[in-house]
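2 protein chains.
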Amino acid sequence: MKKTPPKNAFYAQSGGVSAVINASACGVIHTALRSKHIGKVYAGRDGIVGALTEDLIDVGRESAATIRGLKYTPAGAFGSARFKLKGLEQNRSEYQRLIEVFRAHNIGYFFYNGGNDSMDTALKVSQLGASLGFPITCVGVPKTVDNDLPHTDCCPGFGSVAKYVAVSTREAALDVASMARTSTKVFVLEVMGRHAGWIAAAAGLAGRSAAEPPHVILFPEVPFEQQRFLERVRECVNSYGYCVIVVSEGAAYADGRFLADAGTRDAFGHTQLGGVAPVVANMVREAHGYKFHWAVADYLQRAARHIASKVDVEQAYAVGKAAVELGVKGVNAVMPTIVRKAHRPYRWSIGHVPLAEVANKEKKLPPDYLREDGFGISAACRRYLEPLIAGEAYPPYRNGLPEYVHIRGAAVKRKLQSDFKV
Amino acid sequence: MKKTPPKNAFYAQSGGVSAVINASACGVIHTALRSKHIGKVYAGRDGIVGALTEDLIDVGRESAATIRGLKYTPAGAFGSARFKLKGLEQNRSEYQRLIEVFRAHNIGYFFYNGGNDSMDTALKVSQLGASLGFPITCVGVPKTVDNDLPHTDCCPGFGSVAKYVAVSTREAALDVASMARTSTKVFVLEVMGRHAGWIAAAAGLAGRSAAEPPHVILFPEVPFEQQRFLERVRECVNSYGYCVIVVSEGAAYADGRFLADAGTRDAFGHTQLGGVAPVVANMVREAHGYKFHWAVADYLQRAARHIASKVDVEQAYAVGKAAVELGVKGVNAVMPTIVRKAHRPYRWSIGHVPLAEVANKEKKLPPDYLREDGFGISAACRRYLEPLIAGEAYPPYRNGLPEYVHIRGAAVKRKLQSDFKV
Chain B
64 MKKTPPKNAF YAQSGGVSAV INASACGVIH TALRSKHIGK VYAGRDGIVG
114 ALTEDLIDVG RESAATIRGL KYTPAGAFGS ARFKLKGLEQ NRSEYQRLIE
164 VFRAHNIGYF FYNGGNDSMD TALKVSQLGA SLGFPITCVG VPKTVDNDLP
214 HTDCCPGFGS VAKYVAVSTR EAALDVASMA RTSTKVFVLE VMGRHAGWIA
264 AAAGLAGRSA AEPPHVILFP EVPFEQQRFL ERVRECVNSY GYCVIVVSEG
314 AAYADGRFLA DAGTRDAFGH TQLGGVAPVV ANMVREAHGY KFHWAVADYL
364 QRAARHIASK VDVEQAYAVG KAAVELGVKG VNAVMPTIVR KAHRPYRWSI
414 GHVPLAEVAN KEKKLPPDYL REDGFGISAA CRRYLEPLIA GEAYPPYRNG
464 LPEYVHIRGA AVKRKLQSDF KV
Chain V
64 MKKTPPKNAF YAQSGGVSAV INASACGVIH TALRSKHIGK VYAGRDGIVG
114 ALTEDLIDVG RESAATIRGL KYTPAGAFGS ARFKLKGLEQ NRSEYQRLIE
164 VFRAHNIGYF FYNGGNDSMD TALKVSQLGA SLGFPITCVG VPKTVDNDLP
214 HTDCCPGFGS VAKYVAVSTR EAALDVASMA RTSTKVFVLE VMGRHAGWIA
264 AAAGLAGRSA AEPPHVILFP EVPFEQQRFL ERVRECVNSY GYCVIVVSEG
314 AAYADGRFLA DAGTRDAFGH TQLGGVAPVV ANMVREAHGY KFHWAVADYL
364 QRAARHIASK VDVEQAYAVG KAAVELGVKG VNAVMPTIVR KAHRPYRWSI
414 GHVPLAEVAN KEKKLPPDYL REDGFGISAA CRRYLEPLIA GEAYPPYRNG
464 LPEYVHIRGA AVKRKLQSDF KV
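As you go down the protein sequences, you meet chains B and V in turn.
Note that my numbering numbers the first sequence so that position 295 is 358, with each residue one more than the last.
Note that my numbering numbers the second sequence so that position 147 is 210, with each residue one more than the last.
Treat each hint with caution, since some may be false.
All copies of an identical chain are treated as equivalent in the list; a pair is satisfied when it fits inside any one copy or across any two copies.
[To be verified] In silico SDA-like links for lysine to any residue, alpha-carbon gap of 20 Å or less:
#1 Lys373 <-> Glu466
#2 Lys373 <-> Tyr460
#3 Lys147 <-> Ile101
#4 Lys373 <-> Gln290
#5 Lys354 <-> Arg145
#6 Lys373 <-> Pro458
#7 Lys147 <-> Arg244
These are calculated hints, taken from the structure and not from any lab test.
Only a predicted model underlies this, so the values are computations on that prediction, with no experimental measurement involved.
With the sequences and hints as input, model every part of the structure.
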């Protein structure tokens with residue numbers, strides 16, 4: 064009697080990338096390639112788009128060195144996508160296409176590496192068995208620099224951006240402090256976080272007290288009050304000689320209007336899309352006349368594998384590994400989570416949660432993580448954040464530059480005649 | 064017969080700080096404290112301002128661990144200043160005050176750690192003997208992230224900012240590449256360099272060919288031509304799927320107008336002081352409609368000791384050490400230089416040059432360091448730059464953050480009754 068060959072696995076990266084999403088890929092791939100329950104391991108080129116267009120990468124044809132190198136290579140090695148599947152009712156054709164591709168390639172496992180939106184997509188795919196009669200085991204792999212997924216202590220990707228932001232704030236603050244007497248007195252650093260202030264909070268690790276920089280953090284969770292802010296800046300300059308401000312891109316007024324939405328126009332009257340850092344810096348200049356500088360970290364922060372958190376890298380790998388282990392056990396529609404066992408020394412383990420519990424949900428900074436004045440972080444927040452940036456996990460260097468790997472990306476031979484327009 | 068006590072030394076940091084100016088301080092201090100020709104070692108608090116206000120720090124009262132720690136601590140540990148002495152004719156009182164303070168504290172050596180402007184100040188101080196009858200041995204210690212001092216192969220401070228920019232460009236480019244199919248297609252990184260494009264050039268190290276990012280570098284030395292630029296961006300997006308642009312803050316039109324000077328106004332009609340990155344990004348958006356992101360590294364780049372170049376740290380220490388060695392030999396009005404002996408393997412030694420040869424002079428990118436199309440660097444430029452970013456020199460970490468040192472900063476007892484208003 065001929066034995067049924069094991070099902071193949073499909074892995075895809077989704078949404079904004081991070082310094083360690085490839086470490087999760089590495090965990091998935093290492094574990095899947097070694098599992099006797101899984102046949103081939105395929106990755107979607109450019110995420111789910113690769114599944115829809117039948118553009119699959121045969122991961123087994125990458126060298127072992129390349130797969131290992133994913134652990135220290137930032138961004139999405141297989142390509143990621145900002146692409147959210149609509150509901151089954153709104154766009155049945157996308158799901159039918161997925162099934163067509165999965166069936167053609169004997170895919171029985173779906174590992175989807177992303178954030179809130181992506182977990183929603185993963186949830187929908189996990190329901191294909193019930194809704195369209197194509198059984199598939201679907202496990203989400205958490206990833207988001209925003210740290211806003213619920214039911215997990217933290218999200219892989221966050222620890223490294225947190226470390227980058229804390230280190231950069233500490234360094235830039237030393238710069239400002241040393242020049243403040245005759246030059247720049249106010250420095251503004253803009254960091255990511257449109258709805259949740261986790262990344263901005265991480266900057267708070269750079270200092271130990273309200274007297275140490277950053278002196279002011281502007282969170283999306285705290286409605287911006289211009290007068291109170293400007294007074295605090297003046298107090299800092301008077302007391303410490305300078306003021307370091309970290310502002311979340313999502314900082315907003317009480318009415319919900321983003322600070323970044325300053326209605327700025329260029330010389331031709333066109334709307335100027337700017338960051339919030341220059342808006343805040345100009346506000347300070349107009350009120351107080353201080354000399355200022357500002358920085359916008361943007362992609363630098365989430366791609367900064369050179370200063371990744373060791374804990375973050377390990378957790379990213381672990382959730383990838385756990386996802387495959389859950390999958391081969393037939394556990395469908397779940398996402399591995401990080402479970403904190405102890406703060407100090409930090410201990411953690413892996414748990415899991417139903418996708419339905421995380422899809423489209425956002426975890427914001429709890430009120431008790433904020434300092435009373437709303438311009439900094441509390442001791443509880445520090446206790447939470449500190450272990451997440453612990454340890455360095457330097458990539459290898461060659462000629463002064465990190466030697467990141469690139470995949471060969473050998474395409475799996477197509478089996479379908481039909482094309483699909485994304 | 065009583066022996067004359069050796070003269071004391073004065074050290075000051077000047078101008079914009081860097082990731083390794085304290086490594087130069089470490090070289091100066093180690094060498095001076097061990098020299099039998101030098102008595103006490105004093106540092107100016109906030110640079111030359113500390114000399115004028117008789118606010119001196121007794122470096123001998125810092126712990127050995129703190130002095131050692133300067134080698135891995137960014138920014139100006141003693142405080143720096145943007146303060147340029149005027150000519151002797153315009154402001155004789157400043158020079159008289161310096162002499163008064165130096166005489167009161169038996170200072171016979173003046174070590175001034177800075178860039179072009181600072182070397183001008185050092186030159187003026189070196190002439191006090193001839194012009195005002197107060198002999199002092201004055202040696203400049205080169206420091207500038209801009210790399211624009213002449214007669215030295217490179218400037219301490221530059222190698223580290225170059226490494227930061229090359230690493231950050233490589234990382235952010237991986238991010239953009241992985242998302243480009245469905246999201247951001249154009250990324251703009253703004254780096255320092257108001258007059259010289261050395262820092263922007265360093266971004267060129269991130270890629271090996273015109274096909275690899277950064278695809279476009281905008282140098283101050285190359286007049287900006289909007290149409291040619293926009294065409295190149297479109298070509299890149301068509302050919303590679305995305306385009307990474309690095310722009311020098313000093314990028315300008317042929318008529319000398321800075322790109323950053325876009326005449327931007329906020330909602331209230333106030334001038335908005337912005338960076339050049341958003342200006343360039345908006346230009347691309349208006350012409351081509353591509354989704355874009357931009358970053359402004361600002362102080363992050365020059366304070367980034369966490370990713371400093373090992374060669375740079377070593378050279379910074381070496382010029383500090385050499386300055387003291389020259390000083391105690393009585394060599395006045397010079398600045399130690401880096402002399403390149405070989406490209407690969409890289410070998411260098413220390414030379415020196417008269418201050419008059421470097422004061423107020425600027426070394427720009429030579430034309431043969433530019434790629435023919437003006438949007439990248441040549442092989443000659445790569446050969447020059449590559450050794451300067453070589454090697455990592457990680458600071459120690461504690462709880463996930465670099466453990467930078469802070470000086471005690473014990474003040475030397477004042478000897479003068481008079482105050483001086485800077």
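So, going through the hints one by one against the coordinates:
Proximity of Lys373 and Glu466 under a CA criterion of 20 Å is satisfied in both settings, with 18 Å inside one chain copy and 17 Å between copies. In the homo-oligomer, the alpha carbons of Lys373 and Tyr460 lie at most 20 Å apart both inside one protomer (17 Å) and across protomers (12 Å), since each shortest distance falls under that limit. In this assembly of identical chains, Lys147 and Ile101 lie within 20 Å of each other by CA distance neither inside one copy nor across copies; the values are 27 Å within and 70 Å between. With identical chains, the CA atoms of Lys373 and Gln290 are never at most 20 Å apart, being 40 Å at best within one copy and 45 Å at best between copies.
For the identical chains of this complex, Lys354 and Arg145 are inter-copy neighbours only, at 12 Å across copies versus 39 Å inside a copy, given an alpha-carbon limit of 20 Å. In the homo-oligomer, the alpha carbons of Lys373 and Pro458 lie at most 20 Å apart both inside one protomer (11 Å) and across protomers (16 Å), since each shortest distance falls under that limit. In this homomeric assembly, Lys147 and Arg244 come within 20 Å of each other (Cα to Cα) only across copies, at 14 Å, whereas the closest approach inside a single copy is 51 Å.
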